[in-house]
Amino acid sequence: MKVLVAVKRVVDYNVKVRAKSDQSGVDLANVKMAMNPFCEIAVEEAVRLKEAGKVEEIVAVSVGPDAAQEQLRTALALGADRAILVRHEGESEPLGVAKVLHKLVEREQADMVLLGKQAIDDDNNQTGQMLAALMNRPQGTFISELNIDGEQVSITREVDGGLQKIRFQLPAVITVDLRLNEPRYASLPNIMKARQKPLDAVDPAELGVDLEPRLAVLKVTDPPVRQAGIVVETVADLVDKLRNEAKVI
Amino acid sequence: MSRYVSWFDSPLPCGLYYNQAHEAWRSTIRSFVDEEILPHVEDWEEQGTFPRELYGKAAEIGFLRMGYPEELGGIEMPDPFFGIVAHQEMARHASGGLNASLSSHNIGLPPVAAHAGQALRERIVPEVLAGEKISALAITEPSGGSDVAQLRTRAAVDGDDYIVDGSKMFITSGMRADYITTAVRTSDAPGARGISLLLIEADAEGVSRTELSKMGWWCSDTAAIYFDGVRVPRSHLIGPENEGFSLIMRNFNSERLMMAAQSLGACRVCLDAAVSWAQQRETFGRRLAEHQVIRHKIAQMVQRIQATDAYLLQTAWRLHSEEAPPVVDLSLLKVQATEAMEFCAREAMQILGGAGYMRGHPVERIYREVRVSAIGGGSEEIMRDLAARQLGL
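For the protein sequence lines, the chains are A and B, in the order given. Taking the working numbering, I'd label the letters of the first sequence as residues 37 to 285. Taking the working numbering, I'd label the letters of the second sequence as residues 405 to 797.
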């Protein structure tokens with residue numbers, strides 16, 4: 037079985053981001069970038085499947101600038117076999133990325149696509165779902181457990197009301213949630229070995245995909261500063277404030 | 405709006421010294437510190453120790469194995485910059501003591517890996533690099549440290565063994581070390597000339613040790629070690645007899661580079677803490693950062709940090725690419741780095757005021773670690789003197 041894992045280059049989760057003063061976006065100057073944490077979980081799951089003998093090849097894919105090679109190399113250090121960079125400067129939107137992945141699934145004859153449920157930069161949570169629609173294949177989203185038996189996939193997904201268990205057939209699209217696994221560290225020897233693994237770059241035009249943005253960002257601002265709270269003395273005070281000041285009950 | 409970005413949150417300047425692989429390695433260390441160390445480090449400092457398992461975990465990611473031959477379980481490094489980023493990132497948890505113990509093999513083990521007999525080397529080195537055993541270096545004695553002519557621990561030949569008598573002082577990892585690379589006197593030749601290196605196993609009969617409590621480095625185990633008629637096989641001799649001193653000296657070059665990186669990392673932690681506080685705290689109707697006395701302190705910290713960083717990278721490059729080690733600069737770099745650390749710890753504490761003086765604050769810890777950094781691994785005075793001698797003054 038061949039697995040495609042999507043990997044996105046985003047601002048490191050430790051970094052406190054700031055909106056640019058012209059409100060055109062987030063200030064990325066001199067900011068450390070990293071692999072989206074959900075993508076790390078997707079890579080880890082693919083590697084575990086390979087270690088369990090259920091997957092033969094893992095191909096990591098990223099849509100992004102040349103610098104996104106860094107994140108692909110990290111995926112290779114974590115255990116992916118090869119990587120494909122689809123070169124694209126500027127914003128990448130879910131539909132465009134889904135189209136790219138769709139083309140690559142066809143070209144690579146992949147049986148499964150693993151993605152993070154969302155990226156921590158724009159938090160869209162759409163790419164996996166759009167991809168499944170384009171492929172016209174089953175999707176399992178926000179999964180916290182994955183079992184594969186031949187062509188049969190059983191997953192547990194985290195939904196608002198609890199846990200939902202679903203079974204479906206490969207090929208399929210799977211998006212992962214935080215509790216699926218704890219990703220390993222990219223060890224130094226594996227970082228060194230990853231430098232020798234194949235990393236190909238393609239242009240979206242070669243895949244027949246147009247990544248020009250369909251969405252217009254009007255403005256990006258810092259969240260409003262939170263007002264200081266107050267301590268209430270009694271439950272009665274609390275209820276009074278909720279009813280008469282906040283007017284929520 | 406502040407445009408200050410911490411070094412820890414900035415990308416490495418790729419091109420001249422660093423490339424993608426250094427950045428990837430740095431990210432691994434960062435996650436390792438976040439997940440394995442930061443949640444526990446304050447407790448470990450208070451408890452005066454940290455779990456032995458941490459050695460195994462640090463070995464697994466490759467941190468302990470940097471710079472040793474592959475056939476002994478090491479990772480051969482293409483350049484010193486992997487170590488430099490790793491040691492700076494490891495400063496982020498602000499426990500120099502943890503780092504000192506965790507990396508004590510980097511002073512104890514290199515002579516074994518390079519100069520011990522094959523059987524000994526193949527037995528000892530892989531265990532230490534796997535984090536299963538702990539290695540320490542024992543040179544300093546109650547009677548002297550930097551002045552090796554004063555070393556009195558004696559190893560006398562008796563058949564196939566040496567009999568070792570004497571004591572060692574201020575030994576990092578001394579309580580937990582399994583293998584102690586020990587400087588002993590094997591002849592009465594004056595000064596450095598009668599000194600040999602012996603690998604002594606800590607469970608040998610006649611070895612005893614006492615824990616020493618210290619101003620800083622609380623979670624590092626530091627010991628006085630006593631040798632009372634300890635029998636050590638002659639096969640445990642490291643390098644030729646009476647030539648131990650040059651083996652010790654050779655190892656100081658890369659050690660001082662890494663010590664400079666650790667001190668620089670500590671400076672960055674102080675700067676981050678000071679900036680963050682200066683931007684929040686208001687006095688006399690303005691943020692601290694808007695008071696000239698405070699903003700100038702921060703500018704001076706940045707100036708010294710940048711100068712140290714540039715000196716470190718340039719000296720590392722020269723050590724890597726030139727035939728003869730740049731001893732003058734390696735010595736003065738160490739002084740530069742610990743003086744910068746002293747300055748940054750002081751000024752950060754001044755800016756933080758009471759908040760920084762509270763036990764458990766990273767700056768409070770670093771403040772207590774300034775002196776050991778400026779003394780251990782070659783005191784500032786010895787470093788300047790070494791540089792002056794090398795300059796032929």
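Among the hints, a few may not be true.
To be verified - Residues from chain A shown here face chain B by an in silico Cβ test under 7 Å; the list is partial:
| hint | residue |
| --- | --- |
| 1 | Ser223 |
| 2 | Leu224 |
| 3 | Lys229 |
| 4 | Leu235 |
| 5 | Ala237 |
| 6 | Val238 |
| 7 | Pro240 |
Unchecked claim - Simulated crosslink set (DSS-like; lysine-lysine; CA at most 25 Å straight-line):
| hint | chain 1 | residue 1 | chain 2 | residue 2 |
| --- | --- | --- | --- | --- |
| 8 | A | Lys255 | A | Lys86 |
| 9 | A | Lys86 | A | Lys139 |
| 10 | B | Lys461 | A | Lys86 |
| 11 | A | Lys229 | B | Lys461 |
| 12 | A | Lys90 | A | Lys139 |
| 13 | A | Lys139 | A | Lys201 |
In case anyone wonders, no lab produced these hints; they're calculated from the structure. C-beta: ideal position from N, C-alpha, C; glycine also.
Against the structure, the hints:
no. : hint                    : in the structure
1   : Ser223                  : holds, 5 Å
2   : Leu224                  : holds, 3 Å
3   : Lys229                  : violated, 11 Å
4   : Leu235                  : violated, 11 Å
5   : Ala237                  : violated, 14 Å
6   : Val238                  : violated, 20 Å
7   : Pro240                  : violated, 23 Å
8   : Lys255(A) <-> Lys86(A)  : violated, 43 Å
9   : Lys86(A) <-> Lys139(A)  : holds, 23 Å
10  : Lys461(B) <-> Lys86(A)  : holds, 23 Å
11  : Lys229(A) <-> Lys461(B) : holds, 20 Å
12  : Lys90(A) <-> Lys139(A)  : holds, 24 Å
13  : Lys139(A) <-> Lys201(A) : violated, 29 Å
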